[in-house]
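Numbering (the working numbering), first residue to last: 163 to 806.
Since the hints were derived computationally from the structure, they do not count as laboratory data. Quick caveat: nothing in here was measured; it's all calculated off a predicted structure. For each residue, glycine too, the CB sits at the ideal point set by N, CA and C. Heads up, some of the hints might be wrong.
Think about it this way: if two alpha-carbon atoms lie no more than 30 angstroms apart in a straight line, the pair counts; the simulated DSSO-like pairs of lysine-lysine are [unchecked claim]: (1) Lys-404 to Lys-317; (2) Lys-242 to Lys-169; (3) Lys-699 to Lys-652; (4) Lys-171 to Lys-242; (5) Lys-241 to Lys-171.
Now the in silico label distances, taken between C-beta atoms and shown as ranges [unchecked claim]: (6) Asp-691 to Arg-593: 17 to 27 angstroms; (7) Pro-521 to Asp-666: 25 to 35 angstroms; (8) Asp-654 to Leu-715: 16 to 26 angstroms.
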Amino acid sequence: MILKEWKEKFGLFLFALAGFLFFGLAFSAYSQDKEALDLLMGTMTLVFVPILALLLGSSGFSSEFRDDAWAYLFSRPVKKWQIWLAKYISLLSMLVVILLVFQLVAEFHPAVKAAGQTFSIPLRFGEDISLVVLAYLLPLSLFTMAFSLSILSEKSHVVVFLAALISYSLHIGLTYGYAFLALLPSRLWLLSSLNLLTFVHPRVLLTFVSPLIPLSFAAASILTLTKGDFSQPGRRARVFAKFAAVFLAVSLGFGFIWTYSSIGLRSNPRISDIEIWSGAAYFATDSGIYRFDPATGEKNRLARSLAIWSGIAVGGGGKVAYTTFSVSGGLRAYQDLWIIDAAGKKPRALTRTSRADSPLLGAYIYAVAMSSGGDKVAFITRDLTNADAITLWSVNADGTGLKGYSPRWRRSLNLRKGMSCRILGFADSSRSILISPAPLGKIFWEEGAKLLKVNVESGVVEVLAEHIHGPQLRPGEEGGREPALIAYIKDDRVRSLSTLTLLDAATLEKRDVYEAASIGGFRWNPAGDKLAFVTGKTKIGIYSVAENRLLELKEVAGYDLRWPSASLDWALEDGVILRKLDKGVSSLSLLDGSLREQKTLQLPFSTRYSAQVLGGGRYAFVVNSEKHELWSVDLNTDKWSRIY
Numbered sequence: 163m164i165l166k167e168w169k170e171k172f173g174l175f176l177f178a179l180a181g182f183l184f185f186g187l188a189f190s191a192y193s194q195d196k197e198a199l200d201l202l203m204g205t206m207t208l209v210f211v212p213i214l215a216l217l218l219g220s221s222g223f224s225s226e227f228r229d230d231a232w233a234y235l236f237s238r239p240v241k242k243w244q245i246w247l248a249k250y251i252s253l254l255s256m257l258v259v260i261l262l263v264f265q266l267v268a269e270f271h272p273a274v275k276a277a278g279q280t281f282s283i284p285l286r287f288g289e290d291i292s293l294v295v296l297a298y299l300l301p302l303s304l305f306t307m308a309f310s311l312s313i314l315s316e317k318s319h320v321v322v323f324l325a326a327l328i329s330y331s332l333h334i335g336l337t338y339g340y341a342f343l344a345l346l347p348s349r350l351w352l353l354s355s356l357n358l359l360t361f362v363h364p365r366v367l368l369t370f371v372s373p374l375i376p377l378s379f380a381a382a383s384i385l386t387l388t389k390g391d392f393s394q395p396g397r398r399a400r401v402f403a404k405f406a407a408v409f410l411a412v413s414l415g416f417g418f419i420w421t422y423s424s425i426g427l428r429s430n431p432r433i434s435d436i437e438i439w440s441g442a443a444y445f446a447t448d449s450g451i452y453r454f455d456p457a458t459g460e461k462n463r464l465a466r467s468l469a470i471w472s473g474i475a476v477g478g479g480g481k482v483a484y485t486t487f488s489v490s491g492g493l494r495a496y497q498d499l500w501i502i503d504a505a506g507k508k509p510r511a512l513t514r515t516s517r518a519d520s521p522l523l524g525a526y527i528y529a530v531a532m533s534s535g536g537d538k539v540a541f542i543t544r545d546l547t548n549a550d551a552i553t554l555w556s557v558n559a560d561g562t563g564l565k566g567y568s569p570r571w572r573r574s575l576n577l578r579k580g581m582s583c584r585i586l587g588f589a590d591s592s593r594s595i596l597i598s599p600a601p602l603g604k605i606f607w608e609e610g611a612k613l614l615k616v617n618v619e620s621g622v623v624e625v626l627a628e629h630i631h632g633p634q635l636r637p638g639e640e641g642g643r644e645p646a647l648i649a650y651i652k653d654d655r656v657r658s659l660s661t662l663t664l665l666d667a668a669t670l671e672k673r674d675v676y677e678a679a680s681i682g683g684f685r686w687n688p689a690g691d692k693l694a695f696v697t698g699k700t701k702i703g704i705y706s707v708a709e710n711r712l713l714e715l716k717e718v719a720g721y722d723l724r725w726p727s728a729s730l731d732w733a734l735e736d737g738v739i740l741r742k743l744d745k746g747v748s749s750l751s752l753l754d755g756s757l758r759e760q761k762t763l764q765l766p767f768s769t770r771y772s773a774q775v776l777g778g779g780r781y782a783f784v785v786n787s788e789k790h791e792l793w794s795v796d797l798n799t800d801k802w803s804r805i806y
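Kindly produce the complete structure, drawing on both the sequences and the hints.
Below, the structure is given as structure tokens:
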């Protein structure tokens with residue numbers, strides 16, 4: 163049957179080859195035009211390949227309709243479901259070959275390969291849908307849907323239209339349902355018919371590749387072929403609709419139950435952000451913002467806030483800047499920036515994005531930073547209708563002096579479209595804001611980030627560094643004086659070297675700390691006079707800023723140094739804490755200033771993932787991201803306590 167189906171549909175295969183040839187020539191002609199390459203990649207991925215899949219699937223039973231050969235088809239000495247499966251596999255083999263041709267073009271055509279490495283559909287919160295999902299899983303889903311519907315009509319264009327309409331409509335509906343259940347336990351009033359997805363994590367959009375919908379229609383198609391009356395088209399359609407409704411209800415019900423049980427009914431809402439300030443842990447969860455003082459064992463909820471994506475910022479005196487959601491007329495959800503003291507008192511709104519006269523009307527706040535003195539707050543807003551429309555803002559802690567800095571300088575600074583942006587903090591006695599824009603997707607690892615200084619008064623932007631990774635501002639000093647030193651990793655792609663570098667934001671003086679083939683990550687100590695870093699995946703170094711020299715560099719074994727910036731930190735006075743993995747058992751190890759192991763404490767939980775570790779004086783904190791827990795340990799008594 164495979165040869166028969168290939169012979170009948172070979173014209174469509176030739177059309178696919180001709181299409182790829184056309185796109186290959188077009189990519190060659192516009193190889194230097196980035197916008198044209200993105201347009202071509204989008205057209206080929208989102209239009210051409212899906213249409214091929216729909217056309218191929220819709221032709222599944224076209225010959226039986228054309229020749230009125232249903233009786234002949236059913237006369238074969240095999241079961242009807244085997245006939246359906248044989249036809250499906252036959253046409254699927256052609257789709258697989260078409261996708262392989264697409265893969266070859268994407269792999270060996272230089273312009274297509276370059277465009278494919280950076281092409282993605284940007285979503286909110288700095289994430290995207292990758293080329294793998296768009297180019298391979300989406301066509302497979304559409305092909306299955308069209309093939310399942312092909313037993314209903316001999317008109318291919320009708321089948322194509324129905325398959326596309328039903329598929330996308332149900333996927334969107336499933337996305338909204340997923341979002342509904344994800345938000346239901348936390349904030350029912352956030353649900354809005356106008357902007358429900360505004361505050362939903364982009365992972366819910368992965369339902370666009372959910373196998374539940376095409377599998378439901380495939381099962382309905384098989385049962386219709388087995389039990390349907392093919393002499394009466396109307397009756398056949400009703401049988402198909404009945405089976406499809408049943409399977410779809412079961413599939414979506416199963417999906418929603420899984421969603422609700424895994425997201426809505428989890429015992430602890432997830433920890434989205436955590437900062438250590440003066441030995442206390444400040445952390446944001448779905449249910450609010452908390453402060454935990456390990457010295458007293460007190461945990462206080464400072465605010466009831468859904469600070470899931472924008473995070474928190476802690477400044478002078480333990481003040482916390484955070485975001486809240488509210489609902490205004492029309493059931494639209496709005497996000498505002500608030501500040502509160504360490505005791506959870508004197509909350510003050512710094513923005514009102516729901517007001518019609520507000521320059522922040524409807525804006526999404528996704529990055530927040532506070533000055534060391536706690537007198538100023540900087541934040542970034544993004545227009546959800548335009549991924550490139552980001553604006554940097556500063557405001558006084560009393561709510562006055564709101565000022566925005568629109569990134570009209572994006573082109574002049576050669577910043578890519580769809581970039582993300584971090585705020586490192588304030589500099590020059592709060593007269594400047596340090597930000598780090600970076601491209602999204604795979605291109606980030608090729609180009610790295612930039613380091614910019616924005617003058618609060620004039621809005622003038624100064625480029626301090628380019629092609630860097632992981633910039634960190636020196637820990638702040640209370641009393642209002644901002645730190646000047648910034649540490650970052652500078653990549654030299656020509657020499658294949660990485661350099662840990664210090665930059666004085668005031669004088670622009672640079673100092674190379676250490677150079678190696680790879681530097682995975684680093685952490686400042688609380689005093690801001692030393693750096694601990696990971697190099698070569700198995701070495702740890704200690705650098706003294708005051709002495710301008712490398713104090714220690716040692717090979718370490720048995721430690722879990724994946725995601726180095728989250729795997730090590732400082733504790734006690736000059737100690738370093740590290741994750742350790744020995745025969746599948748996760749532990750926390752304390753090393754002294756000479757990088758000699760002093761003790762190893764087994765974690766009070768088991769996890770498949772690398773737990774984040776943070777130091778706070780005599781205490782260490784460990785985040786169990788799998789079970790959404792936060793633990794602390796007294797490094798003097800070795801006693802573990804579950805905080806959250």
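Each hint tested on the structure:
no.	hint	result
1	Lys-404 to Lys-317	holds (22 angstroms)
2	Lys-242 to Lys-169	holds (22 angstroms)
3	Lys-699 to Lys-652	holds (17 angstroms)
4	Lys-171 to Lys-242	holds (22 angstroms)
5	Lys-241 to Lys-171	holds (24 angstroms)
6	Asp-691 to Arg-593: 17 to 27 angstroms	holds (24 angstroms)
7	Pro-521 to Asp-666: 25 to 35 angstroms	holds (34 angstroms)
8	Asp-654 to Leu-715: 16 to 26 angstroms	holds (20 angstroms)
Of the numbered hints given earlier, the model fails none.
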